[in-house]
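S.K.: Assemble the whole structure, with the sequences as input and the hints as a guide.
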Amino acid sequence: MPSRLAATRTGGLAAFAAVIALLPLALNNSYFYDIAVLVGLNAIVCVGLNLLIGYAGQISLGHAGFFGLGAYGSAILSSRYGWPPLAAMFTTTAAVAALAFLVGRPILRLRGHYLAMATLGLGVIIFMVISTEDKITGGPDGLSVAPFRIGNLVLQDERVWYWVVGALLLVAVWLAQNLIESPAGRALRALHSSEIGAEVVGIDAARHKVMVFVISAVFASIAGSLAAHYSGFITPGKAAFLHSIELVTMVVFGGMASTFGAVVGAAVLTTLPQLLTVFKDYEMIVFGAVMMGTMIFLPRGVVPSLALLLAPRRHDAGGGEPGV
Amino acid sequence: MSLLRVEGLEKKFGGLSAVDDLSFEIQAGAVHSIIGPNGAGKTTLLNLLTGVYRPSGGRIVFQEQDLTGRTPHEYAAHGIARTFQNLQVFFNMSALENVMVGRYLHERCGLASALLRFPRLRRAEQACREEAAELMRYVGLQDYLSAAADAMPYGALKRLEIARALATKPKLVLLDEPAAGLNPTEALALDDLIGRLTERGVTVVLVEHNMRLVMGVSDHILVLDYGRKLAEGSAQSIRNDPKVIEAYLGSGVASAGIAGGDRASADTARSAVAESRGNAFANAGSARAGAH
Numbered sequence: 469m470p471s472r473l474a475a476t477r478t479g480g481l482a483a484f485a486a487v488i489a490l491l492p493l494a495l496n497n498s499y500f501y502d503i504a505v506l507v508g509l510n511a512i513v514c515v516g517l518n519l520l521i522g523y524a525g526q527i528s529l530g531h532a533g534f535f536g537l538g539a540y541g542s543a544i545l546s547s548r549y550g551w552p553p554l555a556a557m558f559t560t561t562a563a564v565a566a567l568a569f570l571v572g573r574p575i576l577r578l579r580g581h582y583l584a585m586a587t588l589g590l591g592v593i594i595f596m597v598i599s600t601e602d603k604i605t606g607g608p609d610g611l612s613v614a615p616f617r618i619g620n621l622v623l624q625d626e627r628v629w630y631w632v633v634g635a636l637l638l639v640a641v642w643l644a645q646n647l648i649e650s651p652a653g654r655a656l657r658a659l660h661s662s663e664i665g666a667e668v669v670g671i672d673a674a675r676h677k678v679m680v681f682v683i684s685a686v687f688a689s690i691a692g693s694l695a696a697h698y699s700g701f702i703t704p705g706k707a708a709f710l711h712s713i714e715l716v717t718m719v720v721f722g723g724m725a726s727t728f729g730a731v732v733g734a735a736v737l738t739t740l741p742q743l744l745t746v747f748k749d750y751e752m753i754v755f756g757a758v759m760m761g762t763m764i765f766l767p768r769g770v771v772p773s774l775a776l777l778l779a780p781r782r783h784d785a786g787g788g789e790p791g792v
Numbered sequence: 002m003s004l005l006r007v008e009g010l011e012k013k014f015g016g017l018s019a020v021d022d023l024s025f026e027i028q029a030g031a032v033h034s035i036i037g038p039n040g041a042g043k044t045t046l047l048n049l050l051t052g053v054y055r056p057s058g059g060r061i062v063f064q065e066q067d068l069t070g071r072t073p074h075e076y077a078a079h080g081i082a083r084t085f086q087n088l089q090v091f092f093n094m095s096a097l098e099n100v101m102v103g104r105y106l107h108e109r110c111g112l113a114s115a116l117l118r119f120p121r122l123r124r125a126e127q128a129c130r131e132e133a134a135e136l137m138r139y140v141g142l143q144d145y146l147s148a149a150a151d152a153m154p155y156g157a158l159k160r161l162e163i164a165r166a167l168a169t170k171p172k173l174v175l176l177d178e179p180a181a182g183l184n185p186t187e188a189l190a191l192d193d194l195i196g197r198l199t200e201r202g203v204t205v206v207l208v209e210h211n212m213r214l215v216m217g218v219s220d221h222i223l224v225l226d227y228g229r230k231l232a233e234g235s236a237q238s239i240r241n242d243p244k245v246i247e248a249y250l251g252s253g254v255a256s257a258g259i260a261g262g263d264r265a266s267a268d269t270a271r272s273a274v275a276e277s278r279g280n281a282f283a284n285a286g287s288a289r290a291g292a293h
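So the protein lines, in turn, are chains A and B.
Residue numbering for the first sequence follows the working numbering, starting at 469 and increasing by one per position.
Residue numbering for the second sequence follows the working numbering, starting at 2 and increasing by one per position.
Among the hints, a few may not be true.
As the list claims (entries may be wrong) - Restricting the straight-line Cα-Cα distance to at most 25 Å, the calculated cross-link-like pairs of lysine to any residue (SDA-like) are: (1) LYS172(B) - GLU663(A); (2) LYS170(B) - ARG675(A); (3) LYS170(B) - TYR155(B).
Derived by calculation from the structure, the hints in this document are not laboratory data.
M.R.: As structure tokens, then:
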């Protein structure tokens, strides 16, 4: 059984790698590549956010704030101060991790709606700082960002970005799956189900919640840094509340406590608005209807619900699907 | 040397004292039962002894270390494990994973190791899986090795909590009403399991309403009433203690209660008479709680 479990994980990862490798066959112009890169960047955030929301059961309505900090940190350090983008990204990531750690300790004591309010507040503060400190951030007018370069290598073409983001997404999925299957990951899933049950077997619930909060913030920050360099221009909207809601929606839509669910959620909700442009004025109505229909007919989210439909007798998988 | 020493323990909820100036000791390697009518403070006491509640006064000393005011995970790290009257099973996992979570204290690994899945962790995981399966067989859950927790019947979940508690390698395990909700056959099988726990070197504290089980397995019984110690001693002495009978049955029927106690002690502890008397105790307890 353990070997089967390991095989499922390796198999899933290999299949996902194959999808990333073969997808360019279907991408016949740079517009499609552009969408694919945006999907990949959102998916990296969602894989991290899913660790927090789906596995550990803690909500965050402020993760766009971490995405925005990643974007602006990289942009300011590399464009205004001339840092190498890689150094700017790592420094920014470390600073975001430290911030998430400091803020996480007090606010993760809160539960449910109160945690939602606190994380929302955090996101709003970050957004306000970015929008108003216009001497540094450019304010609402935005900020242009130098392209990503490592030494003499400059990343500019969508196709190059596709491979970079694809590889990073694969790494993100691999890391997330490793974490979930580790003792620390089991501790996260345990405290999701019963915090007191987890505590009495020796799990420091507060410490684990902060840990996963920091990890998810780091994922968001790195994706933000890359997004800033990729698009070449950023606005405070990237850190706004609406973006936080979009990210949470992607996780819930794809399926909580499912790493590939987070990827699928990011893919569908990033591409759907593009596909729905054929409905012109009714675009948002159709979008809302798709969301509602999915949640009614696939209540666990797309991936877990479909997995349950297709393999009703699979009962020893890591995600905790109900048995026979 | 006592394993656990409680000194002047007190827990107030608002103006009400759920546990009031309670002192007792628990010796290693025995089965200690805590009984008392409903609302006597038994579960509150277990919550205090595992750090779930912070005491309003008094001290809890475990292996000569003062653990008063520590958090539940610190109590667990010192070797106190427990089960819950209202289950705290991790329903989002498989049964085996529930027990594997119990191995957490002996499995902890660094974050880097967890994220990158070093070979050492992979081997440790395999060992953890095998030990968890072994514990499931030990508590009689061999049929549920590949079951999801949310697909298991109630009686099996009670045992799953015991397996999870044992996985922490405790010195002291606190069982909160393990027989509640079990059918008579399942309850009988618990006697055997509790007996085997002490053979493992685990000291057991049992909070239970099923008097047949309590009288059958206990080396020592502590009786609580209104959060205070009412009586303490061997099963035999508790059974015949007029104060205990009065607390359970009320003073008006105390003499009838004593007669019932004598009859029960004449029979074997597992007899049907003792069973019905156990129910009478429990019923009397709830009736009294209702009257107040």
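S.K.: State for each hint whether it applies.
M.R.: A quick look at each hint next to the structure:
no.: 1; hint: LYS172(B) - GLU663(A); result: holds (22 Å)
no.: 2; hint: LYS170(B) - ARG675(A); result: holds (22 Å)
no.: 3; hint: LYS170(B) - TYR155(B); result: holds (24 Å)
When held up to the earlier numbered hints, the structure conflicts with none and fits them all.
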